[in-house]
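K.L.:
Now for the letters of each chain:
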Amino acid sequence: MTLSRRPLPAWADIVLLPLVNIALAFVTVGIIVRIIGVDPFHALSLLVVGAVGSPESIGYTLYYATNFIFTGLAVAVAFHGGLFNIGGEGQAYLGGLGCGLAILALDRYLPAWLMIPVGIAAAALFGAAWAAVPAWLQAWRGSHIVITTIMFNFVAAALMVYLMVNVLIAPGSMTPQSRGFAPSAFLPQMGGNALNLSLLLALACCVAVWVFLWHTPWGYALRTMGHNPEAAVYAGTNLRHMTMLAMCLSGALAGFVGVNELMGVHHRIVLDFPAGYGFAGIAVALMGRNHPLGIALAALLFGALQQGGAELAFDIPQITRETVVLIQGLVILFSGALVQLPRPWLQALFAFRRP
Amino acid sequence: MTVPAIALEGIDKSFGSVHAVRGVSLSIEKGAITGIIGENGAGKSTLMSILYGLYRADAGTIRVDGQPVQMDGPRDAIRHGIGMVHQHFMLIDSFTVLENLILGAEGGPMLAGGLAAARAELARLSRDYGLTVDPDAKVADLSVGEQQRVEILKVLFRGARILILDEPSAVLTPQETDRLFRILATLKERGVTVVLITHKLREIMAATDRVFVMRQGQMVAERRTADTDAEELAELMVGRKVRLQFDKVPPHPGEVRLSAEHLGLVDGRGVVLLDDIELALRAGEIVGIAGVSGNGQTELLQVLAGIRRPTSGRLVVCGRTIDADHPGDPAEMRDLGVAHVPEDRQRQGMVAAFRASETSILGYHELPPFSQHGLLNGPAVGAHCARLMERFDVRPRVPGLRSSSFSGGNQQKLVLAREMAREPKVLLVGQPTRGVDIGAIEFIHRELVKSRDAGCAVLVVSVELDEILSLADRILVMFGGRIVGEVEGSRADERTLGLMMAGAGRERDSHGR
Numbered sequence: 001m002t003l004s005r006r007p008l009p010a011w012a013d014i015v016l017l018p019l020v021n022i023a024l025a026f027v028t029v030g031i032i033v034r035i036i037g038v039d040p041f042h043a044l045s046l047l048v049v050g051a052v053g054s055p056e057s058i059g060y061t062l063y064y065a066t067n068f069i070f071t072g073l074a075v076a077v078a079f080h081g082g083l084f085n086i087g088g089e090g091q092a093y094l095g096g097l098g099c100g101l102a103i104l105a106l107d108r109y110l111p112a113w114l115m116i117p118v119g120i121a122a123a124a125l126f127g128a129a130w131a132a133v134p135a136w137l138q139a140w141r142g143s144h145i146v147i148t149t150i151m152f153n154f155v156a157a158a159l160m161v162y163l164m165v166n167v168l169i170a171p172g173s174m175t176p177q178s179r180g181f182a183p184s185a186f187l188p189q190m191g192g193n194a195l196n197l198s199l200l201l202a203l204a205c206c207v208a209v210w211v212f213l214w215h216t217p218w219g220y221a222l223r224t225m226g227h228n229p230e231a232a233v234y235a236g237t238n239l240r241h242m243t244m245l246a247m248c249l250s251g252a253l254a255g256f257v258g259v260n261e262l263m264g265v266h267h268r269i270v271l272d273f274p275a276g277y278g279f280a281g282i283a284v285a286l287m288g289r290n291h292p293l294g295i296a297l298a299a300l301l302f303g304a305l306q307q308g309g310a311e312l313a314f315d316i317p318q319i320t321r322e323t324v325v326l327i328q329g330l331v332i333l334f335s336g337a338l339v340q341l342p343r344p345w346l347q348a349l350f351a352f353r354r355p
Numbered sequence: 001m002t003v004p005a006i007a008l009e010g011i012d013k014s015f016g017s018v019h020a021v022r023g024v025s026l027s028i029e030k031g032a033i034t035g036i037i038g039e040n041g042a043g044k045s046t047l048m049s050i051l052y053g054l055y056r057a058d059a060g061t062i063r064v065d066g067q068p069v070q071m072d073g074p075r076d077a078i079r080h081g082i083g084m085v086h087q088h089f090m091l092i093d094s095f096t097v098l099e100n101l102i103l104g105a106e107g108g109p110m111l112a113g114g115l116a117a118a119r120a121e122l123a124r125l126s127r128d129y130g131l132t133v134d135p136d137a138k139v140a141d142l143s144v145g146e147q148q149r150v151e152i153l154k155v156l157f158r159g160a161r162i163l164i165l166d167e168p169s170a171v172l173t174p175q176e177t178d179r180l181f182r183i184l185a186t187l188k189e190r191g192v193t194v195v196l197i198t199h200k201l202r203e204i205m206a207a208t209d210r211v212f213v214m215r216q217g218q219m220v221a222e223r224r225t226a227d228t229d230a231e232e233l234a235e236l237m238v239g240r241k242v243r244l245q246f247d248k249v250p251p252h253p254g255e256v257r258l259s260a261e262h263l264g265l266v267d268g269r270g271v272v273l274l275d276d277i278e279l280a281l282r283a284g285e286i287v288g289i290a291g292v293s294g295n296g297q298t299e300l301l302q303v304l305a306g307i308r309r310p311t312s313g314r315l316v317v318c319g320r321t322i323d324a325d326h327p328g329d330p331a332e333m334r335d336l337g338v339a340h341v342p343e344d345r346q347r348q349g350m351v352a353a354f355r356a357s358e359t360s361i362l363g364y365h366e367l368p369p370f371s372q373h374g375l376l377n378g379p380a381v382g383a384h385c386a387r388l389m390e391r392f393d394v395r396p397r398v399p400g401l402r403s404s405s406f407s408g409g410n411q412q413k414l415v416l417a418r419e420m421a422r423e424p425k426v427l428l429v430g431q432p433t434r435g436v437d438i439g440a441i442e443f444i445h446r447e448l449v450k451s452r453d454a455g456c457a458v459l460v461v462s463v464e465l466d467e468i469l470s471l472a473d474r475i476l477v478m479f480g481g482r483i484v485g486e487v488e489g490s491r492a493d494e495r496t497l498g499l500m501m502a503g504a505g506r507e508r509d510s511h512g513r
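The listed protein sequences derive, respectively, from chains C and R.
Just so you know, our numbering puts 283 at position 283 of the first sequence, and the rest follows in order with no gaps.
Just so you know, our numbering puts 224 at position 224 of the second sequence, and the rest follows in order with no gaps.
By construction, these hints were calculated from the structure, which means they are not laboratory data.
Given the structure is predicted, the values throughout are model-derived calculations rather than measurements.
Even glycine gets a Cβ: it sits at the ideal position worked out from N, Cα and C.
Hints are supplied without guarantee of correctness; some may be wrong.
Said to hold, decoys possible - Computed Cβ-Cβ distance ranges for the label pairs, DEER-style:
hint	chain 1	residue 1	chain 2	residue 2	range
1	C	Gly142	R	Thr321	27 to 37 Å
2	C	Gly336	R	Thr321	45 to 55 Å
3	C	Ile147	R	Gly130	38 to 48 Å
4	C	Arg34	R	Asp58	42 to 52 Å
5	R	Gly130	C	Gly336	40 to 50 Å
6	R	Pro369	C	Tyr162	25 to 35 Å
7	R	Pro327	C	Phe154	51 to 61 Å
8	C	Gly53	R	Pro369	38 to 48 Å
9	C	Val155	R	Asp76	51 to 61 Å
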């Protein structure tokens, strides 16, 4: 062995490695697109134009990115505490339910400046409560949180279908959706389309999560638990309480997806609005290295893929919705599961450059 | 001169930027016991791993019986008749001795006959080397000393003529160690070459014919054991004069700070871990807890530090009573003035991935000035860490460096500094110098005595008898979860303590009449 395995410089680790990962993903996508008979460069240009080519498409990209930021942060907060929250999907769903219930109950009485914060708080509360049950089961009963959060996604979906079909459905409606919210519960738009103030909420959450994790004693204790539970016990941290705290924060963040979707866009409670954001949050957090800044950037990429992919599917008949999911899957594969793949190559490159 | 059993010439090995072994040459005489001594991190284990084929050397030659050989793995080493007994036993508890013996020897030439052949071979080895072990006993039922014998038999079974032992006495009582050395002497008479790696001077002096001293990856000296003494070897190891014994003034014990009454701990499966512990710890004294590891010392420390709650009896700490119904927790114990340097600093006392400054407030992170108005005060934490590093000579003095980047000794100094920073009333210290180099040991011991002289009540748990003997004013010996004896520090000697550590005191109690 002649190569000394020197660690990569920090900038290469944080910037170059993810870029190489994404490039690898796109090369693979290009090959697949070629196989189904589409010019990969044409497809790529459509994808890019579709994502950022006009103010409208940028608006949609940012709107999708907002959801990815919420679920990415949710996964990251739990992950720093050593907990793998796979339940973002269900927590987002319940967050929307909470937000919707609060609005349906109060939108006739409250002005917008009060209705909006109450709706946001209700989303956080319901999301946190949905995460608190698996957290409690793990902390006191020893049920593994990965299993319980997954199961809670199904419970959430079933609960929502029941509520929408039997309880919350607007009188006389044929589709399972609630009555429309009063305008006092509409989040102000930013630009002409789906993008709304939730983006600012998401960015504020990025800052808040960063401050919490690295600049408060609770964040310190949470990270201690994640790295080394024995040391956390030694330090006097109650692991049960800390597990509850981490999961409730995580669930609240996931619940904000409901704010973006229902208060920002649909303006009523609908079915299936989490649409996989909860699961994609895992990939976003992984790619963003569980750091709020990284998550914001990864969310932007995922938002662009979502929006550009939709345009692509619209413009090229050979490329279907499923192909777009495949593209997203490959990006997740290369920047998640195979994240370390190019590391030795880069190390060799750097060792060669500076012998 | 006869051909040496093993000759290493110019062995060199780096790990990244760490030059672990630097051009080491040595020759190991056939049929003798050769010691390799050095501090932790001096490179002795790396050197032996190269010889055993676990690492490949960057440069240099290995000769066995004069022939240059290529070691690509333990299999090559075994083929050349080299066997290694690791510090931590590689035995399967639920298997019998015989089953353990053939385990992993599948590639060796001896396996062909299966268990029956192994049984015959074991009988022969036992007869030839005086290593008696019941082949059908389960390993879990054997004492630690017997388990080690199984490890040695395993190596001999594979046809080893050269036996490397890595820190073999770490888990043994002094008596078991003496027995091991008698076994090694028998092996030597039968023509087996033995290499003993240790950092304990006493063992080198007691067991070896010839000793090599390593320091910072280099071979700094070679001596015939008969021509040297412990002082000279210590000086060679550290590179300067070391005082192995240090003077301390007699203790002036004050009020009782911590006392345990009938303290007991039973785990969820009903196993008794602590049984009727009585102890009183006074201000201004060091109480040492001696014992072979695994006899309840770990659990005792956990209970005293508030990490586990006792299941019976009670504990009075600075006026607060703790029992099964009124458990304490580590944070509360800290508030009461109990500081705790845990036995396993890597797993408990620090977070490897944290910066040194973050590790330097572990357990104190919610207190001012580190935490103010719900926010961590980064500059205050950094300054605190820098002060601790200065005062305890932690190197390198970089608060922003990852905790895992520091050497064992420096990690321990950082943890100790953190716990002593608030001038605790009670200081609980587990294995104060495990994995710490001699220079740092001296420093840590001096600091512990200093804090005793300042009026702190200090409890030291250690499996190193030398450490207990040189530090403690009073020594309690634990065996099987009980305190089986108490000796004044000044009147203690290794033999009596060793007998107590092996449970002899208790046996006398129960079978004496």
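K.L.:
Each hint: holds or not?
P.N.:
Going through the hints against the structure:
1. C/Gly142 to R/Thr321: 27 to 37 Å: 31 Å, holds
2. C/Gly336 to R/Thr321: 45 to 55 Å: 53 Å, holds
3. C/Ile147 to R/Gly130: 38 to 48 Å: For C/Ile147 and R/Gly130 the Cβ distance comes to about 55 Å; the hint is violated.
4. C/Arg34 to R/Asp58: 42 to 52 Å: Hint holds: Cβ distance 46 Å, inside 42 to 52 Å.
5. R/Gly130 to C/Gly336: 40 to 50 Å: Check failed, 59 Å falls outside 40 to 50 Å.
6. R/Pro369 to C/Tyr162: 25 to 35 Å: 54 Å Cβ-Cβ, so the 25 to 35 Å window is violated.
7. R/Pro327 to C/Phe154: 51 to 61 Å: 39 Å, violated
8. C/Gly53 to R/Pro369: 38 to 48 Å: 53 Å, violated
9. C/Val155 to R/Asp76: 51 to 61 Å: 58 Å, holds
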